[in-house]
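In order, the protein sequence lines correspond to chains A and B.
Here the first sequence is numbered in the working numbering, starting from 1 and rising by one per residue.
Here the second sequence is numbered in the working numbering, starting from 252 and rising by one per residue.
Treat the hints as calculated values from the structure; they're not laboratory data.
In this text, all values refer to a predicted model and were calculated from it rather than measured experimentally.
It is possible that part of the hints are untrue.
Said to hold, decoys possible - Below, in silico cross-link-like pairs of lysine-lysine (DSS-like), each with a Cα-Cα straight-line distance of 25 Å or less:
| id | chain 1 | residue 1 | chain 2 | residue 2 |
| --- | --- | --- | --- | --- |
| 1 | B | LYS318 | B | LYS286 |
| 2 | A | LYS230 | B | LYS349 |
| 3 | B | LYS318 | A | LYS98 |
Protein chains: 2
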Amino acid sequence: MGKISVVGIGPGSLDDMTYRARRTIEEATTVVGYKRYVDLIAELVEGKTVLDTGMTQEIDRCRAALKAASEGETVVVISSGDAGIYGMAGLVLELLVKMDEAERPEFGGVIPGVSAMSAAAGLLGAPIMHDFVVISLSDLLTPWEIIQERAELAAQGDFVTALYNPRSNKRVGQINAVQEIFLRHRAPETPVGIVTGASRTNEAVLISTLGEFTKEDINMFSLVIIGNSKTRQVGDWMITPRGYQKREPGL
Amino acid sequence: MGKISVVGIGPGSLDDMTYRARRTIEEATTVVGYKRYVDLIAELVEGKTVLDTGMTQEIDRCRAALKAASEGETVVVISSGDAGIYGMAGLVLELLVKMDEAERPEFGGVIPGVSAMSAAAGLLGAPIMHDFVVISLSDLLTPWEIIQERAELAAQGDFVTALYNPRSNKRVGQINAVQEIFLRHRAPETPVGIVTGASRTNEAVLISTLGEFTKEDINMFSLVIIGNSKTRQVGDWMITPRGYQKREPGL
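Model the full structure from these sequences, guided by the hints.
In structure tokens form, the structure reads like this:
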């Protein structure tokens with residue numbers, strides 16, 4: 001019987017991967033993942049069996065991974081960022097627990113990685129720092145009504161808000177609807193950070209405002225971070241204070 | 252003129268640190284951080300100047316770090332987990348931008364790390380997976396009314412919810428108040444994961460329920476993850492499905 005692990009490879013560069021993640025990949029005989037993410041770790045997969053598929057074939061990919069592990073391979077399923085945040089950890093576990101015990105491979109665990117959100121935040125300075133909400137605008141598996149309601153609650157609670165999958169070729173209007181929701185609760189001057197391809201060769205970082213940010217270049221590899229009512233832009237940095245006091249003593 | 256960087260060292264073990272974080276620490280001449288976190292990377296700081304202080308002297312710590320960098324040192328300020336999530340990134344930047352340009356050291360950036368939340372989630376299986384909220388229950392710098400309102404909104408929106416600083420020696424009742432808020436919106440059987448000291452030698456992982464979890468051992472090094480209405484416990488794992496469809500085709 002083989003073994004299967006789920007690994008968060010971090011946002012892009014091998015430099016932003018953890019030692020544990022790299023070792024787990026190096027020890028594997030089979031690497032499974034979305035082609036674009038396998039390409040990010042190309043130098044680690046040489047000589048290994050690679051099962052890569054398109055973005056939407058996740059269930060097939062998991063099944064293939066479990067089958068290989070069942071047949072004796074040491075398998076890693078990779079996600080970009082952290083595998084537990086809109087990644088592959090859940091699907092792998094859901095399918096694993098349904099397998100007959102006789103066929104079920106050993107589970108090597110979910111190896112956490114630096115999330116896309118943490119990578120984007122680091123490039124923007126310190127935009128999170130306080131309580132925050134993370135919402136995916138993809139309505140592929142979640143009804144749009146739920147997404148909208150969540151945006152409303154996030155705006156209402158003055159949460160710093162990170163938006164995953166803010167816009168794709170087929171899905172362009174949602175980000176504008178979310179902007180309108182937030183504008184009912186926060187000033188148009190509120191800083192909004194847009195980071196595309198963090199830690200990758202085409203990395204782009206931009207600070208805009210709640211009133212204007214939807215005019216910018218935003219795609220499926222972008223992460224949008226909307227500041228709370230205390231967030232300020234200072235020079236090239238987006239900074240959210242760590243508290244709600246008018247003035248911290250000593251600051 | 253020296254240089255200052257802010258580094259997220261990850262949740263605990265050097266294994267869960269990124270290559271970039273480790274290199275940045277190795278290149279530094281001065282390491283600044285809360286003593287408990289400096290101890291986690293003891294083998295990396297040998298031969299360096301170490302400025303460690305208690306948990307609540309963060310502003311003093313930042314000033315000392317900036318002064319050293321101003322005087323020519325290569326300084327890293329470390330946070331456990333990710334430096335941008337309740338970490339030191341914000342304070343360092345706030346103080347840096349206020350310095351006279353003549354004294355201001357070069358800024359080496361915020362180097363992201365694996366957050367405590369990602370580490371905890373990995374140990375629990377796949378509890379996050381969908382939209383989520385992160386709230387700190389520490390009322391040191393945030394009024395308790397705001398924290399309560401945010402918990403209410405998180406519960407209402409069926410967000411998976413991660414609680415930082417859930418309980419300390421001096422602050423014991425808040426977690427019970429939050430439990431009551433969530434029980435008004437979610438079933439008492441909702442899985443709740445408690446991870447204490449993730450990736451450290453005293454690591455403890457437990458899955459309880461919304462109705463019962465406050466009876467467990469929870470302290471300032473614990474992270475609590477409350478599942479959404481779809482989260483299930485299967486064996487040793489806490490799994491949140493990635494969507495809201497009754498049944499995903501193929502699953």
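For this session: If any of the earlier hints don't hold here, list their numbers in rising order.
Result: 3
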